[in-house]
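**Q** Protein sequences, first through last, are from chains S and F. Each step along the first sequence adds one to the number in our numbering, with nothing skipped, and position 103 is 103. To convert a position in the second sequence, counted from 1, into our numbering, add 1000.
Worth flagging that the hints you see were computed from the coordinates, not collected in a lab. Since the structure is predicted, the reported quantities are computational estimates derived from the model, not experimental observations. All residues carry an ideal CB built from backbone N, CA and C; glycine is no exception. Hints may be right or wrong, so weigh each one.
To be verified - Here are some of the chain S residues that sit facing chain F, going by a computed Cβ distance under 10 Å: (1) Leu133; (2) Asn136; (3) Asn253; (4) Asn379.
What the hints assert, rightly or not - Not close to chain S: a few residues of chain F, all C-beta gaps over 10 Å, as computed: (5) Leu1006; (6) Glu1007; (7) Lys1009; (8) Val1014; (9) Lys1015; (10) Ala1016; (11) Asp1017; (12) Glu1021; (13) Arg1024; (14) Ala1032; (15) Ala1035; (16) Ala1041; (17) Ala1053; (18) Gly1063; (19) Glu1074.
As the list claims (entries may be wrong) - The calculated label-pair distances, taken between Cβ atoms and stated as ranges, are: (20) S:Lys30 <-> F:Gly1072: 31 to 41 Å; (21) F:Ala1012 <-> S:Glu260: 56 to 66 Å; (22) F:Gly1063 <-> S:Asp77: 22 to 32 Å; (23) S:Pro184 <-> F:Ala1020: 32 to 42 Å; (24) S:Asn100 <-> F:Leu1008: 23 to 33 Å.
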Amino acid sequence: MRDAATTDLSNTLQPVETALGLPNEHYVNKDVYLEERQSVMFANWAGIGFGFDCPNPGDVMPVDFMGMPLLVVRDQDGEIGVFQNTCRHRGMILVKEKANIRGTIRCPYHSWCYGLKGELRSTPHVGGPGHNLHDNIDRRELGLTRIRSFIWRDIILVNVDGKAADFETYAAPLMERMKEHTAPLFHSNGFSFEVACNWKLAVENYCESYHLPWIHPGLNTYSRLEDHYHIDNDGPFAGQGTTVYRQLEGEQNEVFPDFEGLSEFWDKGAEYPVLFPNVLLAFQRDHVYALLVLPQAEDRSIERVELFYSFDPKTRPDLAALIKKNTRQWHAVLQEDLFVVEGMQKGRHAVHFDGGKFSPVMDNPTHDFHLWVAGQVENGRG
Amino acid sequence: MDIAALELKLLAAVKADDKAEIVRLYRLAGEAFIAQNDINAGCFNLTHAYVHALETNDPAAAGLHKTLVLYGREE
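Take these sequences, add in the hints, and give me the full structure.
**A** Right under this line is the structure:
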């Protein structure tokens, strides 16, 4: 098996007509997984959680992002910040479980204390017992290491290496495409799956509509393959859309209220783009969701799905049953994909599999993703 | 000051994770040592009171900070 430095991406970096998919090593090899961690996940804007995970000032949430310990903090001003979850002293993990911090974050080892904006507030006994100052300890230089973060549609995104373009530049093409979707979002509920596959397979499957009639026959009764179109372009996103979106109805024919500000297109239109690398989105007239693919290992991922509406569910008990029905429906649909992504993962151990031949007509968004990943990996290799 | 008795109370407070009591007892100990002119032992205990007060946003933190600054132990 090739190592990370020598995977050959030349066959992937080709037009869709002649390209092959990423080599097997990008799905089964630990070294390549770690290479992608740096070149793909840390070098771009990746989703790690949601603002509602930390709803109150003082809420903190540790996140293990591909082994990188992060800490999400909502400070007393209500702002979300993301930090490296390690003390500047000995690298001890600061917070090991979700909590509400009334005052400062105290390292459990030697009790260095940090404010919720990351500032170092106290360094007990650092100059000897009872002496909390030392000329060589400049607290202004020893705050928590802040990780670049951005909150978009309540999704917490981070750029770990700090070198990507600003998020609003990075995601500009997708934000422009979805510019009508600016109404406030209200979270209702969500669910997650533990999946035995490399994170990219979950992304690839989401990008394309080719599989819909085979894997989601229930959808195909009203949303046929020919009603779908590709979303593919030069930006860091790809996916698919439909022209026959049908609102879910309750027993009394009730439907969810629409988001404000949407044009006629969205009456029957819906779009399902992936913001690379790991934020899978659904845009519809009456509800949206975000699915974060959270890599756990080269062959394991968590898919976390959270649904949002145009109204506060607490104010509409009359829609509670419909929300439940909608959640069940999406759970069922997305669960239908799991055997496929797990099957493709197993398939990547077939030593003669060459990355796979794309349909030049149906696999364009998937090819876009492969091209983008390969480009990021090549960039990382310099 | 009965340091042994104070230590027992402190251990009980730590076991109960009673932060307010931990702050109070360390402060008592710190002030007692300072009253005996043992500034280092006093600041040691006041530091512990301060750290736990900071952690829990205990209103005692401001006064503890002021004292520690006075003795050149905080900024």
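**Q** A separate judgement is required for each hint: does it hold in the structure or not?
**A** Hints and how they fare:
no. : hint                               : in the structure
1   : Leu133                             : 6 Å, holds
2   : Asn136                             : 14 Å, violated
3   : Asn253                             : 52 Å, violated
4   : Asn379                             : 43 Å, violated
5   : Leu1006                            : 17 Å, holds
6   : Glu1007                            : 16 Å, holds
7   : Lys1009                            : 20 Å, holds
8   : Val1014                            : 13 Å, holds
9   : Lys1015                            : 16 Å, holds
10  : Ala1016                            : 17 Å, holds
11  : Asp1017                            : 13 Å, holds
12  : Glu1021                            : 16 Å, holds
13  : Arg1024                            : 16 Å, holds
14  : Ala1032                            : 14 Å, holds
15  : Ala1035                            : 15 Å, holds
16  : Ala1041                            : 7 Å, violated
17  : Ala1053                            : 7 Å, violated
18  : Gly1063                            : 15 Å, holds
19  : Glu1074                            : 6 Å, violated
20  : S:Lys30 <-> F:Gly1072: 31 to 41 Å  : 52 Å, violated
21  : F:Ala1012 <-> S:Glu260: 56 to 66 Å : 58 Å, holds
22  : F:Gly1063 <-> S:Asp77: 22 to 32 Å  : 25 Å, holds
23  : S:Pro184 <-> F:Ala1020: 32 to 42 Å : 39 Å, holds
24  : S:Asn100 <-> F:Leu1008: 23 to 33 Å : 31 Å, holds
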